[in-house]
Each structure stands twice: as structure tokens, then as C-alpha cells.
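Asker: Sequence:
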Amino acid sequence: MKVKMEHIFDVPVDKFDELWNNQEVIDNVVAKLPNVKKRELIEQENKGNVIYRKVLYEGEAEIPDIVKKSVKPDMLKWYEITTYYPDKKEYEFEMVPVFFKDKIHFKGKIKLLPEGNKTKRIIEGELKVSFNPLANKIIEKFMKDYLEKNMAVESKVLSEEMSKKLKSMA
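The opening residue of the sequence shown carries number 0 in numbering that gives the first Met the number 0; numbering runs sequentially from there.
Incorrect hints may appear among the rest.
[What the hints assert, rightly or not] Here are the computed lysine-lysine pairs in the DSS-like style, where the Cα-Cα straight-line distance is at most 27 Å:
#	residue 1	residue 2
1	K166	K127
2	K127	K140
3	K148	K164
4	K155	K87
5	K53	K119
6	K76	K31
7	K136	K88
8	K127	K108
9	K136	K31
10	K14	K100
11	K100	K166
12	K100	K164
13	K102	K164
14	K127	K3
15	K117	K127
16	K1	K46
17	K110	K76
18	K106	K166
19	K46	K140
20	K88	K127
In case anyone wonders, no lab produced these hints; they're calculated from the structure.
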């Protein structure tokens, strides 16, 4: 299932990277997200024109009835693996669940584009679920809707935190 999301931030694109990777901004955003309990940087390698990062997230969410017997709250953990190309302002990402890593796949690209004195973030990816042929589309639709809703909240909180941090740096 194709996923595409666009968000606008009141921060110039040249400052977006710096703020998106600022630990204080990250901590403040994670603390305000309703479905993320924890974020932990596992690995990072900076090769100048490419930055590789692996982050572990622990989520908390209402588990739909259709999967409650199979999915327990402790199973809501995933790795976000990104390769960032600062010169192009593009990320390649893959979300890899700790549990069900052979059943759920979400990967794609994130592009950061200047939009006047703001930044447009475009997230495009492919979400694939392979549990049961009869339930896959239902689960994909639920996950897509859930992801879009969460990313809308994340973008609002991130925009607020970036603007606040940018003002404090001025």
C-alpha cells in the first residue's frame, strides 16, 4: 500500500536538518507524542556526505480487536533505519519491527524542500503486511491511517519545538 504524507514547517530548510537532529528538540518531541514511549539512538555513522542511523522506538497504543490475541503491548517496538544524504536533503528509511519483522515492511524516502522561508517534508513509502491474505489489506489500511494520524501529530509538535529552539538560538 502506497503511503504519502506532506508537512510544512515554519523553519528554513537549511536549519531544518540541524533542528531535526538536535537532541533537546528530539527529546521534547518524543515526550509530547501520544504513542511513543521511548526513543533510543542505537547506532550512528557519519561519512560526511552520508549519515547512517539506527534508532529504536518503543510505542504504546490501543491494539485493534482483530489482532489483540497476537499483538501484546510489549511488541510495539521498531527500528527506524535511515540513510541521509545532506547534499540532496533526502533520507532513505526503513521501519523494521522488533516483532513480526518478517510480516511488516515499511520503507521509502523523505525529501526536504524549501517552501519560501519554510520547509516541506514529503514522506513517500510502501507499506506491506503479510499475515493472512484475508486480513492483510485491513491491517495495512489500519496501519496507514494510524501512521498518517501519528505523523500529523508529530509534525505539529516538531514544528512547535523547532520554532521554539530557533528563537532561542537567535
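Asker: Find the hints from earlier in the document that the structure breaks and name them by number, from lowest to highest.
Answerer: Failing hints, ascending: 1, 7, 9, 10, 11, 12, 13, 15, 16, 18 and 19.
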